[in-house]
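Asker: Heads up: the protein sequence lines correspond to chains A and B, in order.
Everything in the first sequence is counted per my numbering, starting at 1 for the first residue and increasing by one.
Everything in the second sequence is counted per my numbering, starting at 1 for the first residue and increasing by one.
Because the hints were derived from the structure by calculation, they are not lab data.
Please read these numbers as outputs of a predicted model, since none were measured by experiment.
For glycine and all other residues, C-beta sits at the position ideal for the given N, C-alpha and C.
Some clues are possibly wrong.
Heads up, incomplete: computed chain A residues facing chain B, CB under 10 Å, no partners named [what the hints assert, rightly or not]:
1) Leu17
2) Ser18
3) Gly246
Straight line, CA to CA, 30 Å or less: simulated DSBU-like cross-link-like pairs of lysine-lysine [said to hold, decoys possible]:
4) Lys84/A / Lys69/B
5) Lys210/B / Lys84/A
6) Lys183/B / Lys137/B
7) Lys287/B / Lys84/A
8) Lys112/B / Lys137/B
9) Lys287/B / Lys264/B
10) Lys7/B / Lys69/B
11) Lys137/B / Lys84/A
12) Lys270/B / Lys246/B
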Amino acid sequence: MFVQLTLWRREMAAYFLSPIAYVSSIFFLLITGFNFYLVVGLFYSKEYTIPDVMEQLLSSPLFFWPTFLLIVPVLTMRTFAEEKHSGTIETLMTAPVTERAVVLSKFMAALAMFLCLWLPTSAYPFLLEVFSEEVAPLDIWPVASGYLGVLLLGMFYLSVGVLCSALTGSQVVAAIATYAMMGILFFGGLVHTYVAADLIREISLYISSFEHQQKFVRGIVDSRPIVFYASGTVLVLFATIRLLEGRRG
Amino acid sequence: MDIIDVKNLTKRYPGRTAVSDISFRVAPGEIVGFLGPNGAGKTTTMRILSGFLPATGGDVNIGGRDVSKQSLEIRRHIGYLPESCPLYPEMRVSEYLGYRARLKGLPRGRRKERIRTVLEMCGLLDVRRRVIGHLSKGYRQRVGLADALVHDPELLILDEPTIGLDPNQIREIRNLIRDLSGKHTILLSTHILPEVEAICERVLILDKGKIVASDTPENLAGIVSGSIRVVAEIKGLQSEIINTVKALPGVNNVSDRLEGAWVKLEVSGKLGTDLRQNIFQTVVENKWTLRELRTISTTLEDVFGALTSGDNRSRG
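Next up, chain A with everything else stripped away, as it sits in the complex (with noise of 0.2 Å):
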């Protein structure tokens, strides 16, 4: 655990020392604040109220999935491939650690700060709350699953990139490929408006992250997705695992 501890502390270390922090949470601020200015300027009237508005920055495939899937690979591409690029994976392995603490405090390392990135979203509900006309009060329960729902699609997601970074050497390589996996789990989820097939439309539905935060901005705090994200993160992370082993063998 100390060990973990102090991984998770390098990793947050090595986002803040090199620009990828800062140039991600510059760029991801000024997006989220653009679609926040937008959805407002946009949508906001006495008819669409806060959760309305929430629903739209959370869930909408123009304000919340572009800048959701551009930010993930930015946060994962360098966890293991820098290392194997550069070498330092050799001084990594070599030192008393189990593949498991260093696959494990890369995964935290990169949900912390996909979550400190999301954080500053979280004041929007209660700025348009303290700045509009509303008068019912804010219902705080929606916007709690929305972020509940982000939590989840970060998690996996970043173990799905966690995982295509270990695969190789190059940065570059690593964002691809994640991105070509995040694609397929995305639009593998659109599939059911398309097909009549029922195997296939359950299938899609079943994976389909686009209605899963649409429920989970809404309120409705459904199971089963909690158990695909939960479990398909723990899969992921154990595929992570086992292939660092199989090269120690």
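Starting from the structure of chain A, add chain B where the hints point.
Answerer: Structure of chain B alone, referenced to chain A:
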């Protein structure tokens, strides 16, 4: 008990055998040099010893533990410096060593003092606050060495510790390694021959994944030349000198050259005889004058060339 015990180690990559069926032992406190041309399997062997790569076949025991089964425990007792000395360029020297010390499980109380010790040993005190990426190659190499030493391991595995350094830096690193020799067992690889002669007590020569020789540098030199050679410069009657020296016991061959009034002889004799004593006595008995008497040592360079270029004349 041997600290390293390698039996029939084999490592195959797809389509290529990097290490084929090598066996060797290293006793505690020894400094052993791995010598071999590039691609001989030095780095592969060291990576297997350090637990970074799995072996294809054979047994590797370090401190009585099996590398394939108790890798984690073994890694606590090994200090490993990989070939290219990889470091995190964005970290500061003391920060990096602190991180590595924590990673290697050094208890909090000992950490500070131990980091201070290795900083001092490796001559890094002045640069301890500098960012690693801004350091010269020599300093970076020392940071790598400090990292290998920070948990005070019993066994140090150093892969090409002096590569890319200038002669002064090489000498410094060499001295440092020599200073460490009392307390640690050291296995180092290099393809720089004088380095092995300067530091190592024993040399393992690898070629094409096989150990072709294993002995002290001096003995290896003897094996290759098959004889010892002595140079003597004597003043006296040339023919008389040559005939007398040729008749000495143990002398195989004498070649001579005149240098003014001096006769310069190159005498080769059987291994195990000390020709110098006999020559000196002859000179005294005949009342000649002697101005030089020395043995020509066969360098490891000769050994290396003979053993790794496919030249078999002195193997066996």
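Asker: Between Lys183/B and Lys137/B, is the straight-line Cα distance small enough, at 30 Å or below?
Answerer: The given pair, whose Cα atoms are some 27 Å apart, holds under the 30 Å limit.
Asker: Straight-line Cα separation of Lys270/B and Lys246/B no greater than 30 Å?
Answerer: 13 Å, holds
Asker: Identify whether the interface hint at Ser18/A stands, where standing means a beta carbon of chain B within less than 10 Å of its own.
Answerer: 6 Å, holds
Asker: Check whether the Cα positions of Lys137/B and Lys84/A lie no farther apart than 30 Å.
Answerer: 20 Å, holds
Asker: Given the hinted pair Lys287/B and Lys264/B, is their Cα-Cα distance within 30 Å?
Answerer: 17 Å, holds
Asker: Next item in the hint list is Leu17/A. Is there a CB on chain B closer than 10 Å to its CB?
Answerer: Because about 4 Å separates Leu17/A from the closest Cβ in chain B, which is inside the 10 Å limit, the hint holds.
Asker: When you check the alpha-carbon spacing of Lys210/B and Lys84/A, does it fall within 30 Å?
Answerer: 28 Å, holds
Asker: Could you grab the alpha-carbon distance between Lys287/B and Lys84/A and see if it respects the 30 Å cut-off?
Answerer: 72 Å, violated
Asker: Are Lys84/A and Lys69/B close enough, with their CA atoms no more than 30 Å apart?
Answerer: 24 Å, holds
Asker: Using 10 Å as the Cβ threshold, decide whether Gly246/A counts as touching chain B.
Answerer: Nearest chain B Cβ about 9 Å off; hint holds.
Asker: Does Lys7/B pair with Lys69/B here, judged by a C-alpha cut-off of 30 Å?
Answerer: 15 Å, holds
Asker: For the pair supplied as a hint, Lys112/B and Lys137/B, confirm whether the alpha-carbon distance does not exceed 30 Å.
Answerer: At roughly 25 Å apart (the allowed maximum being 30 Å), Lys137/B and Lys112/B satisfy the hint.
When each numbered hint is compared with the structure, a violation occurs for hint 7 only.
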